[in-house]
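Residue-level listing of the chains:
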Amino acid sequence: MLKNFVGWSRVKSPWVCHLNTGGCNGCDIEVLAALMPRFDVERFGILLKGTPRHADVLVCTGAITRQMKDRAVRIYEQMPEPKFVIAVGSCACSGGVFWDCYNVLGGIDKAIPVNAYVPGCPPRPDAIIHGVVKLLGALDPRYAQLLEDLKRKGEIHASGE
Amino acid sequence: MSVSIPIGPQHPALKEPVNLTVTLDGEKIVDIDMRLGYNHRGIEKGSESRNYIQNIYLTERICGICNVAHTTTFCQGVEELLGLEVPKRGLFIRTLLCELNRIHSHLLWLGVAGHEIGFDTLFMYSWRDREIVMDLIEIVSGNRVNIAINAIGGVRRDVSDDMRAQILQGISQLEARSQYYLDVASTEVTFLRRTEGVGKLPKEKAIELCAVGPFARASGVEYDVRKDDPFAAYPYLDFKVRTSDRCDVLGTAIVRALEIVESCKMCRQVIEELPAGEIKAKAPRKVPPGEVVSKTEAPRGELIHYIRSNGTDRPERLKVRAPTLANIPSVLYSLRGGYIADIPIVFAAIDPCMACMDRVILLDTDHGKTKRVMTWEELRQHGMEWYADRKG
Amino acid sequence: MTRIGSMFPEIWKHLFKKRATVLYPFERLNVPKDLRGKPILDEQKCSLKCKGACAIDCPAKAIVMEKVEEKGSRPVFLLDRCTFCGQCSESCPFGAIKLSEEFELAQYDRKSLVSKQW
Amino acid sequence: MPAENEIQDKLKGAFGERISELKTTRGRRVFVRVPPSLVKEVISYLKQDLGMTHITTITATDVGEEIEVLYHFLCRGVTVSLRTSVPKANPAIDTITPIIPGAVLYEREIQDLLGLKVKGHPDPRRLVLPEDWPEGVYPLRKEYKVKVEEG
Numbered sequence: 046m047l048k049n050f051v052g053w054s055r056v057k058s059p060w061v062c063h064l065n066t067g068g069c070n071g072c073d074i075e076v077l078a079a080l081m082p083r084f085d086v087e088r089f090g091i092l093l094k095g096t097p098r099h100a101d102v103l104v105c106t107g108a109i110t111r112q113m114k115d116r117a118v119r120i121y122e123q124m125p126e127p128k129f130v131i132a133v134g135s136c137a138c139s140g141g142v143f144w145d146c147y148n149v150l151g152g153i154d155k156a157i158p159v160n161a162y163v164p165g166c167p168p169r170p171d172a173i174i175h176g177v178v179k180l181l182g183a184l185d186p187r188y189a190q191l192l193e194d195l196k197r198k199g200e201i202h203a204s205g206e
Numbered sequence: 134m135s136v137s138i139p140i141g142p143q144h145p146a147l148k149e150p151v152n153l154t155v156t157l158d159g160e161k162i163v164d165i166d167m168r169l170g171y172n173h174r175g176i177e178k179g180s181e182s183r184n185y186i187q188n189i190y191l192t193e194r195i196c197g198i199c200n201v202a203h204t205t206t207f208c209q210g211v212e213e214l215l216g217l218e219v220p221k222r223g224l225f226i227r228t229l230l231c232e233l234n235r236i237h238s239h240l241l242w243l244g245v246a247g248h249e250i251g252f253d254t255l256f257m258y259s260w261r262d263r264e265i266v267m268d269l270i271e272i273v274s275g276n277r278v279n280i281a282i283n284a285i286g287g288v289r290r291d292v293s294d295d296m297r298a299q300i301l302q303g304i305s306q307l308e309a310r311s312q313y314y315l316d317v318a319s320t321e322v323t324f325l326r327r328t329e330g331v332g333k334l335p336k337e338k339a340i341e342l343c344a345v346g347p348f349a350r351a352s353g354v355e356y357d358v359r360k361d362d363p364f365a366a367y368p369y370l371d372f373k374v375r376t377s378d379r380c381d382v383l384g385t386a387i388v389r390a391l392e393i394v395e396s397c398k399m400c401r402q403v404i405e406e407l408p409a410g411e412i413k414a415k416a417p418r419k420v421p422p423g424e425v426v427s428k429t430e431a432p433r434g435e436l437i438h439y440i441r442s443n444g445t446d447r448p449e450r451l452k453v454r455a456p457t458l459a460n461i462p463s464v465l466y467s468l469r470g471g472y473i474a475d476i477p478i479v480f481a482a483i484d485p486c487m488a489c490m491d492r493v494i495l496l497d498t499d500h501g502k503t504k505r506v507m508t509w510e511e512l513r514q515h516g517m518e519w520y521a522d523r524k525g
Numbered sequence: 045m046t047r048i049g050s051m052f053p054e055i056w057k058h059l060f061k062k063r064a065t066v067l068y069p070f071e072r073l074n075v076p077k078d079l080r081g082k083p084i085l086d087e088q089k090c091s092l093k094c095k096g097a098c099a100i101d102c103p104a105k106a107i108v109m110e111k112v113e114e115k116g117s118r119p120v121f122l123l124d125r126c127t128f129c130g131q132c133s134e135s136c137p138f139g140a141i142k143l144s145e146e147f148e149l150a151q152y153d154r155k156s157l158v159s160k161q162w
Numbered sequence: 012m013p014a015e016n017e018i019q020d021k022l023k024g025a026f027g028e029r030i031s032e033l034k035t036t037r038g039r040r041v042f043v044r045v046p047p048s049l050v051k052e053v054i055s056y057l058k059q060d061l062g063m064t065h066i067t068t069i070t071a072t073d074v075g076e077e078i079e080v081l082y083h084f085l086c087r088g089v090t091v092s093l094r095t096s097v098p099k100a101n102p103a104i105d106t107i108t109p110i111i112p113g114a115v116l117y118e119r120e121i122q123d124l125l126g127l128k129v130k131g132h133p134d135p136r137r138l139v140l141p142e143d144w145p146e147g148v149y150p151l152r153k154e155y156k157v158k159v160e161e162g
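Protein chains in written order, with my numbering: chain A, 46 to 206; chain B, 134 to 525; chain C, 45 to 162; chain D, 12 to 162.
Bound-form chain A, shown alone (with noise of 0.2 Å):
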């Protein structure tokens, strides 16, 4: 009984992480935004936290700098146990524009294992929460019938696939 609480509890406030591994910083004001009144994905629960000890998701944006791989794989270590990353933009998915710079690896998935990409460049605040709500609804089948039945009445068109 306890165990589903504790999954119940987690997939209702998961707590975010914010990390920049280098990227232009664009899409760091697009995830602020998101947690600013317009946006507020404080209604999931979705808290920024400021230490990785205290996060379930880690929000990563930036392509990887050879510098700051080692200090990513770190901070992804430091995190509890069931940790997920949720790439941030093209940069943090592929590299993006920066794919041939010589102090740049590419993608996150260099580094650190990725469970959910959101491409654009910044993708708009409600890019990024259909990005979360998405990756919660791979923990939760409620999520996911959520997305589901809102993109059958086509208030979210997101294709995609």
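Hints in this document: simulated from the structure, not taken from any laboratory. Backbone N, C-alpha and C fix where the C-beta goes; we use that ideal spot for every residue, glycine too. Do not rely on the hints blindly, as some may be mistaken.
As the list claims (entries may be wrong) - Partner residues are not named here, just some residues of chain A that face chain D (Cβ under 10 Å, in silico): (1) Gln112; (2) Lys114; (3) Asp115; (4) Arg119; (5) Asn148.
With chain A's structure known, arrange chains B, C and D on it following the hints.
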């Protein structure tokens, strides 16, 4: 006994990776050492393997907040190399977006400054009002943050009439809000107590260390590229360069709030005097050999692009010096002697944009005492040994 | 002159104002007309002859040209690299690429971010 | 363009034929070429007589067998670009930090990215390249080729 504390690349107050190693004597900061390079992506080398059209989008992504300043500088430089005459309407639209970007960047700074001294009400309210200018930017350019509107020879999108009405309506709302924030920034006790007399930078020190932008204007240095070296449509606009002689963080807050009001007026002038006509001149792909120094005023200060072309469609050399890089020696000067609690707000005073600045180190006037800074591995090693013999 | 709580009247006024939050998945934010979203390829207009004018100009190398039974090659968009800048729609001589208003493209893995529309 | 001509005449008057390629490409821009030995003297002259206080940046470019260094100054609203070139065999220039303290960062950068030894620099540590970057490899040199593994 001085203790050296590393403030790591990942820190709640700093949205971007920078590593500050602070040498403390009790609460007072004795010395500060900044190690950057976390954001160094090697853009200048990357720009040599791209043609001019692709370089517009590469320079735009140097910094997410002041990106229209980078593309304006780059396109202006290439147009000068080509000897291309940009139609007046294109210049006016380019200036409109520069000013809208300045409003959005200063409102963003006001919120982050409030957040860093714990004044979250200001953070929430100023960012909610920032959404007004974000919607205006999105209507005109199609993307909230990365305004890809500059092209070589002019502007890619036109401003239609209903956009002009929406912009005027949004600007009047913004003007009222910025007047309100100016009043809050200058009278609210919670804001004053944390920013008055903090991070002192006297005028001659600012001139000697070549500070630029609102941070220098807060110490009375009257230098604004829009006035001294007008570009785009700034010769046709009348505006005042706002300075204050408070020489501290509160000065930067007031200068930035005044600049928002000034930018709103400028946007109104641009919209009313928008000339008809073409928005873009045809530009060849190959650029004749030559070199150019192109300067503009980014929200954080003077931004310079040095472009050298060799006749092919790829630049020979692109040198970018972002405003934050010029402000670092002065912010490190003003940090010394302060308290550790003031580091985030004094550091935020120059509105640091690490993404712009991806190359910097401090002016380390080390008065002869050897302080040893431990790297991560040594620190971890030291920690393990220390615990081992404590348990042992 | 300094006053304490100069933001309280503002907060008090906002108690009775309409809330500023848009409840995103349930309410939709109005998307402006020409938002730069996912690139859409119009097959009739794409003439397969131009040997990738869009791929050459793409700043992020996000367009891969794929052979179409040796009649020529057509672009495939790699959405994880794409920066949605719209340069491909401008440099395509036949106007075959248009940016749609679709921006919710989150996926679990990068393979399903390859958008091959033919 | 009174300011540019005035600056040009003053420089011509003070240094005569030791400086060359004195030209104005457009309003508020002056380019001048100076031999490396004369750099400090011209800069202090600019500072005392022409009221130059602000250095915008230092650009270094690899032009085949020489590295060209451009100092961009700002005096009376005019951007004066001082050009010197240093042989690639032993690229070394002396620092101008005593004259302009704000230039220390830009010298560190050209030292790091192009391997231009700056003599007498107060703090010659590595600037922006990561710690595990091999010694002696300078990315902005023409012979440095970026190897891209398909990601």
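We went through each hint and held it up to the structure:
no.	hint	verdict
1	Gln112	holds, 4 Å
2	Lys114	holds, 8 Å
3	Asp115	holds, 9 Å
4	Arg119	violated, 14 Å
5	Asn148	holds, 7 Å
In terms of the numbered hints stated before, the structure departs from hint 4 and from no other.
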